[in-house]
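There are 2 protein chains.
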Amino acid sequence: MARNKHPEETVNLILDVAYRLFMEKGYERTSIQDIINNLGGLSKGAIYHHFKSKDEILVAVTDRMTAQSNQMLSAIKDRTDLNGQEKLKKIFKDSIQRPVQDEIFTVAPDLHNNPRLLFSILRETMDEAAPNYILPIIEQGIADGSIKTDYPGALAELIMLTANIWMNPMIFDNTPEEAYQKFMIFGQMMKGFGLDILDDELLERLQELAELYQQNK
Amino acid sequence: MARNKHPEETVNLILDVAYRLFMEKGYERTSIQDIINNLGGLSKGAIYHHFKSKDEILVAVTDRMTAQSNQMLSAIKDRTDLNGQEKLKKIFKDSIQRPVQDEIFTVAPDLHNNPRLLFSILRETMDEAAPNYILPIIEQGIADGSIKTDYPGALAELIMLTANIWMNPMIFDNTPEEAYQKFMIFGQMMKGFGLDILDDELLERLQELAELYQQNK
Numbered sequence: 001m002a003r004n005k006h007p008e009e010t011v012n013l014i015l016d017v018a019y020r021l022f023m024e025k026g027y028e029r030t031s032i033q034d035i036i037n038n039l040g041g042l043s044k045g046a047i048y049h050h051f052k053s054k055d056e057i058l059v060a061v062t063d064r065m066t067a068q069s070n071q072m073l074s075a076i077k078d079r080t081d082l083n084g085q086e087k088l089k090k091i092f093k094d095s096i097q098r099p100v101q102d103e104i105f106t107v108a109p110d111l112h113n114n115p116r117l118l119f120s121i122l123r124e125t126m127d128e129a130a131p132n133y134i135l136p137i138i139e140q141g142i143a144d145g146s147i148k149t150d151y152p153g154a155l156a157e158l159i160m161l162t163a164n165i166w167m168n169p170m171i172f173d174n175t176p177e178e179a180y181q182k183f184m185i186f187g188q189m190m191k192g193f194g195l196d197i198l199d200d201e202l203l204e205r206l207q208e209l210a211e212l213y214q215q216n217k
Numbered sequence: 001m002a003r004n005k006h007p008e009e010t011v012n013l014i015l016d017v018a019y020r021l022f023m024e025k026g027y028e029r030t031s032i033q034d035i036i037n038n039l040g041g042l043s044k045g046a047i048y049h050h051f052k053s054k055d056e057i058l059v060a061v062t063d064r065m066t067a068q069s070n071q072m073l074s075a076i077k078d079r080t081d082l083n084g085q086e087k088l089k090k091i092f093k094d095s096i097q098r099p100v101q102d103e104i105f106t107v108a109p110d111l112h113n114n115p116r117l118l119f120s121i122l123r124e125t126m127d128e129a130a131p132n133y134i135l136p137i138i139e140q141g142i143a144d145g146s147i148k149t150d151y152p153g154a155l156a157e158l159i160m161l162t163a164n165i166w167m168n169p170m171i172f173d174n175t176p177e178e179a180y181q182k183f184m185i186f187g188q189m190m191k192g193f194g195l196d197i198l199d200d201e202l203l204e205r206l207q208e209l210a211e212l213y214q215q216n217k
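Note that the protein sequences, when read in sequence, are chains A and B. Take the first sequence: its position 201, counting from 1, is numbered 201 in my numbering, and each next residue is one higher. Take the second sequence: its position 188, counting from 1, is numbered 188 in my numbering, and each next residue is one higher.
Simulated from the structure, these hints should not be mistaken for lab results. By construction, the Cβ of each residue, glycine as well, lies at the ideal position given by its N, Cα and C atoms. Heads up, some of the hints might be wrong.
What follows is a list of derived Cβ distance ranges for each label pair [unchecked claim]:
#1 B:Asp110 - A:Met65: 26 to 34 Å
#2 B:Asp199 - A:Asp63: 36 to 44 Å
#3 B:Ser74 - A:Gly40: 55 to 63 Å
#4 B:Arg116 - A:Glu28: 12 to 20 Å
Covered stretches of chain A (in silico footprint by chain B; criterion: 3 or more residues with CB under 8 Å from a CB of chain B, positions within the stretch not fixed) [claimed, not checked]:
#5 147-160
#6 178-188
#7 191-199
So, partial list: chain B residues that the calculated Cβ filter (under 10 Å) puts toward chain A [said to hold, decoys possible]:
#8 Gly153
#9 Gln188
#10 Phe193
#11 Asn216
Input sequences plus hints: build the corresponding full structure.
In structure tokens:
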């Protein structure tokens, strides 16, 4: 392994292997040694050169998945055939429907007991996704008349904090029944902001993911 | 110091000293060695017997402050002269007006970069304060007709997540202007749930705390 020549390839290899092991064995049951054993001769030093801990690897795996999610957000943001409110609805639908969600909820990392990983998701949600994707869409909605608010930045943050963090059954270890109650309150909140973007299909999918998490955690 | 005879006294002494130093020097600039130097001869081993790291000490200091805050919540919950909605309003007012808030915002711990501490605040908020104090008050409000919701548990969580976490200028490093925008969106959200419990006094206090944080961080 020429790790100094192609550090990106080394990192990608580590993340590929780690992701596969997290899926197969679960995050808690995968050790750094397991990852090393599957790297085809890459040394312990090489992996520690890039990552200080298993947590850091999980953060990087998550970051890579986030980058894919951001591509989806970006593509919806730039569509010209939908108004702002329709784009928000499309984002919710596409985010929760993605097949990768089944994989993530099957891995069922114990976010409930993992401050570092939760923090990285919170950061990504509030410092990246809210200002870079949701805010521009809300501003488009204000311009096209489909969304009304005087505080688009704060509204973008509130929507993302609730949708991406609070409603995530993995983060708060929610049962399908708890997921249902959160969904109903979230829907009421959104309607209070004039946003009528939830439907039964979304609810059923959320409960399905909560069920998947409860089975695999 | 007979630490084995009176472990609680030892812990309290450590927390008293740590709290005072965090106030005087700031959390980041206080070292474990500073704390030991002020413990009147208590050994390094004795402090590590109780706390593994400075972060753990901060969590314990925070827990002790939380216990005081919970006493306040509990006293309001049990009052018989206020209806549910009035109790919620009273809690918001008393929480933000407490003089200890000036101390905390002057210490200005860097929550924005402290996953462990943020996680402990999130846990306390969602797993303790929401179900044990806010939920019973919402249920009282449903019974007395001052609050209307079919999902009191989820509403209690949403209110606490937004009020205690998202609106905390320390956690999201907010300027007074950002605090203002969040407050306006939060107020609109609360009105959507039929809760009209915010006023200018609360807003001014929130901006004051944001200002205090920005000066001291």
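Now the hints, each set against the structure:
About 28 Å separates the C-beta atoms of Asp110 (chain B) and Met65 (chain A), a value consistent with the hinted range of 26 to 34 Å. At about 42 Å, the beta-carbon gap between Asp199 (chain B) and Asp63 (chain A) stays in the expected band of 36 to 44 Å. A C-beta distance of roughly 59 Å is found between Ser74 (chain B) and Gly40 (chain A), which places it inside the suggested range of 55 to 63 Å. Roughly 19 Å separates the CB atoms of Arg116 (chain B) and Glu28 (chain A), a value that falls within the hinted 12 to 20 Å.
Chain B is given as covering the segment 147-160 of chain A, and this holds because 8 residues of the stretch bring a CB closer than 8 Å to a CB of that chain, at least three being needed. For the segment 178-188 of chain A, the assignment as covered by chain B holds, since 7 residues bring a beta-carbon within under 8 Å of that chain's beta-carbons and 3 suffice. Evaluation of the coverage hint for the segment 191-199 of chain A: fulfilled, as 3 residues show C-beta separations to chain B shorter than 8 Å, against a requirement of three. With 10 Å as the threshold, the beta carbon of Gly153 (chain B) comes within range of chain A, its nearest partner Cβ sitting at about 6 Å, so the hint holds.
Restraint check, Gln188 (chain B) versus chain A: the minimum CB separation of about 7 Å is within 10 Å; hint holds. Taking 10 Å as the C-beta cut-off, the interface hint given for Phe193 (chain B) holds, the closest approach to chain A being about 7 Å. The beta carbon of Asn216 (chain B) comes no nearer than 22 Å to any beta carbon in chain A, farther than 10 Å, and the hint placing it at the interface is violated.
Checked against the numbered hints given earlier, this structure breaks only hint 11.
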